[in-house]
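Taken in order, these protein sequences are the chains called A and B.
The numbering of the first sequence is the working numbering, which starts it at 1 and goes up by one.
The numbering of the second sequence is the working numbering, which starts it at 1 and goes up by one.
Hints may be right or wrong, so weigh each one.
Pairs count within a copy or across copies, as identical chains cannot be separated in the list.
Unchecked claim - Below, computed lysine-lysine pairings styled on DSS-like, alpha-carbon distance capped at 25 angstroms:
id	residue 1	residue 2
1	395	302
2	283	81
3	395	234
4	236	395
5	236	81
6	223	236
7	81	93
8	223	283
9	234	283
10	81	94
11	236	283
Please keep in mind that the hints were generated in silico from the structure rather than gathered at the bench.
All figures in this text were calculated on a predicted structure; none of them were measured in a lab.
Number of protein chains: 2
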Amino acid sequence: MFNIAVAQSGGPTCAINSSLVGVFREALKVPSVDAVFGSINGIEGIIDNHLVDLRTMILTNNDIELLKQTPSTVLGSCRYKLPDWREDEEVYKKIADTLRQRNIGAFLYIGGNDSMDTVKKLSEYFATIDLDVKIIGIPKTIDNDLCVTDHTPGFGSAAKYVAATMHEITRDSIVYSIPSVTIVEIMGRHAGWLTASSAVLHAMGETAPHLVYVPEVDFSLEKFIADVRQQMSKHKAVIVAVSEGIEVPEGVQSGVVDNFGHKYLSGIGKYLESVIRNEIGCKVRSIELNVMQRCSSHICSKTDIDEAEAVGAAGLRCAIEGGTGKVMVFRRIEDAPYTVVIETADAEDIANREKFLPAEYINSAGNNIRESALGYFLPLIQGDLNLITENGIPKHFALHESVLK
Amino acid sequence: MFNIAVAQSGGPTCAINSSLVGVFREALKVPSVDAVFGSINGIEGIIDNHLVDLRTMILTNNDIELLKQTPSTVLGSCRYKLPDWREDEEVYKKIADTLRQRNIGAFLYIGGNDSMDTVKKLSEYFATIDLDVKIIGIPKTIDNDLCVTDHTPGFGSAAKYVAATMHEITRDSIVYSIPSVTIVEIMGRHAGWLTASSAVLHAMGETAPHLVYVPEVDFSLEKFIADVRQQMSKHKAVIVAVSEGIEVPEGVQSGVVDNFGHKYLSGIGKYLESVIRNEIGCKVRSIELNVMQRCSSHICSKTDIDEAEAVGAAGLRCAIEGGTGKVMVFRRIEDAPYTVVIETADAEDIANREKFLPAEYINSAGNNIRESALGYFLPLIQGDLNLITENGIPKHFALHESVLK
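Just chain A, same shape as in the assembly:
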């Protein structure tokens, strides 16, 4: 008999708790597994030996369903990057101590590129000290920027929120008789996946978003202003989707930072709003979708939530079968009917790398997404959870805040 540990890391998504459910449920099916420990605040909980027994926390099927519809990380999260163990072994020793003391045979780490670096380093380190603890990474990120995998859990729900909200913003924008420009700033760090996903509205006959700017294309302020003028000649209410990660000309980004403070690194929408106001002088507004795009479980994608659970379960099976230093990935067989298989990849092929929007997804003008790319996005936003509500709003599963030190 041995125990399992699972932890959640990095920025919140709508699907991380569903992956936790996948690990937990699958572990209960394995006769040789005893306890499933949840590590509080990612790898920090392993370092500090701060673990909770998930069987004392997830008691009923109702708890399972609530967890699947609860955004963010029920066990807390961290932004902790392990040092190289050849230079600093201290923290590795603490991790090994906890794993030994708790009789843990496998550790599942749900996270993004940085967390996969932890998976890689721990699996390498454990090999050097002959510690038989399997380490498996379960991908998650709304940015969809992980290599090897077709897509990442969390992205589909974020894309669904972005598309539905852009649709609503389009309705909101067209009401007045004067021309206007609406700039919607979307997350995704250096990758344009989430911003590009807003173009699924085109499959519904919408002309919006009329312009889409992603970090994969060099951004030119002059071209941006010309693009907006051109769209204004065709549409009364021009809708622009812009990635937080586009590179504006030197000095501008730092100017934004200076004016808006440290938090406003992502204030590119507000900056472009001021550019349009000054250069074109029309009615203009900017909207930052902010954390809502990563935590709006009330409009999550059932496909995403189900896949997140499946990939968590597959990760547990992989560990039980002896895999380590691996990350679970999706390989897409077909867009329609949508078919994916779950496979494994080496953590070192995913850790610290980013996957960008393919050039063929972007139109020749570099300011929108091709119709041919929509088949990639559409399957990921399908389906709705049958949400459990209380007082008219979706109910959540939450640990008491005292548990999350």
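Given chain A, put chain B in place with the hints provided.
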């Protein structure tokens, strides 16, 4: 036989199109009513004789259902305030011309305080020229600041979005191990109704929002900082709900405007974020719910949408029965079981006035909402529409943009 005209005015909500449905459906039941004309861009469509025959636009029951789940104003909107006819009769003559030419016997105007001013002025003017056109106001506003009526259509859906989103933001905020403050800026102009509605989370056992600031209470920066410090001693992730309309000390608001440009009048959240960063130095972020709080039909309140339709239908009946210069209002009989009746009020009692949050809803410290007030809010956010979706996201009813000149 005579015709009906209906128009939509002011800021978008999730329920305005449902009131249009109410007027349209009820009009079809009246044998003496022929066409139902929709006026494009509120009263501007009447002035310019820019009307569409709704029977050529709303063709099926499916269209009706789509309209009810479509946010904003399908006929466009305006921010047009009529002059006093004793000083400037020109535009009144144009309105009378359109109404006569189109053989319109009743005009239903869906809007907020300003639109009720139009209802009042037109009914008075028509009496002076003996024009027998009934004018009825159908209330709408997410601000919930209309006098006489218990609440306004549009408010319930906005409150539901705010509550569900605050719930999700609460989950998002608690993940890291370091203390943090999250400031959520909520609409409502000079009234705190929508901001106060976020406190319904308390009925679900949430401690968030830990602080709620509404315009009805004088705002003190010193007290705000002390309040935040006090809450930080109790909670790792402090959640603050703040109305866009709170009055900050002289100079501050203008400072925000100067730094952020004209659009940032509502940038109070960002301002308070900088105050907390400078004064307390902890992790802090601000989130503006922006137009999403008025157009997120994907999480609308069925109670709100149904009531919006009912009040539109009641307005049409009122006009047919000879009412004019009236506004349809709700009178609440009971919170639980929730019971309201629809009545009429005089437009002059509603036009250009605002209704504020009652003092007894606010705690003695002036920084949160009393539990006893939640019974007012809770019934308004109940129920979900069975949304028609396409490609995984809610479908909308939209006129071709060429119709909305």
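Comparing the hints with the structure gives:
1. 395 with 302: both (16 angstroms within a copy, 18 angstroms between copies)
2. 283 with 81: Cα proximity of residue 283 and residue 81: across copies only (19 angstroms, versus 45 angstroms in one copy).
3. 395 with 234: Cα proximity of residue 395 and residue 234: across copies only (24 angstroms, versus 44 angstroms in one copy).
4. 236 with 395: between (40 angstroms within a copy, 21 angstroms between copies)
5. 236 with 81: So residue 236 and residue 81 pass the 25 angstroms test across copies only (23 angstroms; inside, 48 angstroms).
6. 223 with 236: within (20 angstroms within a copy, 45 angstroms between copies)
7. 81 with 93: Within. Shortest intra-copy distance 15 angstroms satisfies the 25 angstroms Cα cut-off; inter-copy 73 angstroms does not.
8. 223 with 283: Within one copy only: 19 angstroms inside a chain, 37 angstroms across chains, cut-off 25 angstroms.
9. 234 with 283: within (16 angstroms within a copy, 44 angstroms between copies)
10. 81 with 94: within (15 angstroms within a copy, 70 angstroms between copies)
11. 236 with 283: Classified as within: same-chain Cα gap 11 angstroms, cross-chain 40 angstroms, threshold 25 angstroms.
In summary, the structure agrees with every hint in the numbered list given earlier.
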